[in-house]
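Given chain A's structure and the hints, the job is docking chain B onto it.
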Amino acid sequence: MIDKKSGVVKANTVILHTAALFLLPLQILFSVFLLLRGHDEPGGGFIAGLVASGAVVLYLFAHGVESTRRIMRFDPRDILGLGLLFGVISGLIAPFMGEPFFTAQWWTLYLGAETEIKLSTVLLFDIGVYFAVLGTILTVVVSLTEAEE
Amino acid sequence: MSHLVLIPILIPLLAGALSLVSWRSLLLQRWIAVVATGLLLLVSIGLLQLTREEGFVVMHVGGWAAPFGITIVADLLSAIMIVMTGVIGFTIAIYSMAMTPERHERFGYYPLMHLLLAGVSGAFLTGDIFNLYVWFEVMLLASFALLTLGGERAQMEGAIKYVTLNLFSSAIFLSAIGLVYGTVGTLNMADLAYKLGQVEHSGMVNVLALMFMVAFGIKAAAFPLFFWLPASYHTPLVGISALFAGLLTKVGVYALYRFFTLIFNGDVDYTHNILLWGAGLTMVSGVLGAAAQFEFRRLLSFHIVSQIGYMILGLALFTPLAIIGGIFVIVHNIVVKTNLFLVSGLVYRLLGSYDLKKLGGVYRHRPGIALLFLVSALSLAGLPPLSGFVAKFLLIRAGLEVGAWTVTGVALLVSVITLYSMLKIWAEVFWKPVPEGVNTERLTGEKPDSQLWLLLLPIAGLAACAVLIGVNGQPIYEVLEAAAEQLLNPALYIEAVLGDQP
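Going down the list, the protein sequences come from chains A and B. Letter 104 of the first sequence, counting from 1, is numbered 104 in our numbering, and no numbers are missing. Letter 256 of the second sequence, counting from 1, is numbered 256 in our numbering, and no numbers are missing.
Derived from the structure by calculation, the hints contain no laboratory data. Cβ atoms here follow ideal geometry from the backbone N, Cα and C, with glycine treated the same way. Some hints could be false.
What the hints assert, rightly or not - Partial list, computed: chain A residues near chain B (C-beta under 10 Å):
hint: 1; residue: G44
hint: 2; residue: L80
hint: 3; residue: I89
hint: 4; residue: G135
As the list claims (entries may be wrong) - Examples of chain B residues lying across from chain A (beta carbon under 10 Å, computed):
hint: 5; residue: A17
hint: 6; residue: V61
hint: 7; residue: G62
hint: 8; residue: V163
hint: 9; residue: P448
To be verified - Every beta carbon over 12 Å from chain B, so not counted as near; a handful from chain A, in silico:
hint: 10; residue: F22
hint: 11; residue: H63
hint: 12; residue: E114
Bound conformation, chain A alone:
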């Protein structure tokens, strides 16, 4: 339907409205799964970032910019900058361990009997990529939508 004031098409169908609400958390969860899986199987920061931004963009189409800004809490530009910062910092840890820059560092956390979590600078870098992709796409989409309105 077309909004009479601004002439912008708004897809205010009930199905999209409701589906976006339910898909958002699912897609975000799936993106986190992809991010963590990406170390030695298909996945990783880039694709996970795309999936997460897909979720937010779907919500934005259904509910508009204001509502999206409210649920995001952070400005997309902050997410973008933070992601880049993570990416650079992940390379800066190695020299403190006496190795050349960007050498991967690993730490293993033991949780109880047979559970362990491997943390690494590679993961930090991937999280950086995730946020950078998410931040970039949301910055672009949000500013375009705001310009249209």
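This is chain B only, laid out in the frame that chain A set:
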């Protein structure tokens, strides 16, 4: 302390990310730029010192040894170029504080500037040809955005030529990399130099050499594909023009120096003869193009092209003295050319135009600024005791020693025409009275400008550099002599990177 070699790349990267995070505060971004470029300058001087002591500083990123990983190498030439990057970055950061409209700052002026500096530093320091391509692209991406920041019509027109030609050059560069990999199976520069030395010199190697020559020639704005430069460099903010003028084309020249001393040195008669022709034609076409211009920055842009000819001339003659002269021209030109652009911006601020016909009277009201311009302009033309004189003297002498009479004659002639051009600017902008109808409130000081010192400081600093380089020719000559020796002995570089391997 081989960590030092990667820090000139990391500082701008980190500063870029930090200024993106602090997008809310423009003041903070400005100070991040000044502090980060200042740090870059300090680190680069430390790196130069280290390379003077050790010859080569090598680091294998991520602990992957050459030729499998990416190697970051600094020899004297790289270190000198990094110092120049620091100098120019620092001056532009100070200059930008007063000369950047808030609208540009809000659209990511500072993050892009840091990205550009990261690309330039990366290109100077990498020891891997594919990695070089990546840094070129980082640099170009940032420059595309900076060039069109503001979105005026003239900018778009210039940017189209700039982007098209540079993408074309990148495509040739990338295809050449692919062919090299297919031929010898390595992308590490040292390994490549070693392996190309082993294979029989066939036509294929010369074809590859020419492909790289064309790709870097376009990026360096050498004849015949230089027209993108004067079409675009006068359109963005003057700080960006100055940054481009100082650094971007020099990255292309640096790549030519690296490739045609280290890698393609088997058939010097063939490749360097083509370079010699290119150098001569570049000098002439640039300076003749400038003679017809009446727009301050366009005129200077054509002179960039003509000066590129001198730099390539040093490489083409391929004697130790010529290489020293060539690097001297690069160093001197980065300082002087940037400064001339900065002066053009200052005059614009005082009189509100870049058109020589609408300018005038600066000498009468502000003799100090006129003096600063004169130092840079005469240095560009090559008058003693300024930096340009030493640079050109070395080149001409090298040319005479080899007996390359024609091109030496051309170089001398081009110097005279350069002097003519500079005197034209002097007469129009500084000497003649202010044309009627021009607002002189700012020029005479009736309307005070509290930020003017932020513009004068970098200009005075660079002018002082031009004088110091000229007066201290001897110590600089010694450093450059060592740099030329390294360039002409590729075995040293190969051994430094590959170690004791075959």
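- Query: Which hint numbers doesn't this structure obey?
  - Reply: Of the numbered hints given earlier, those the structure breaks are 1, 8 and 9, listed in rising order.
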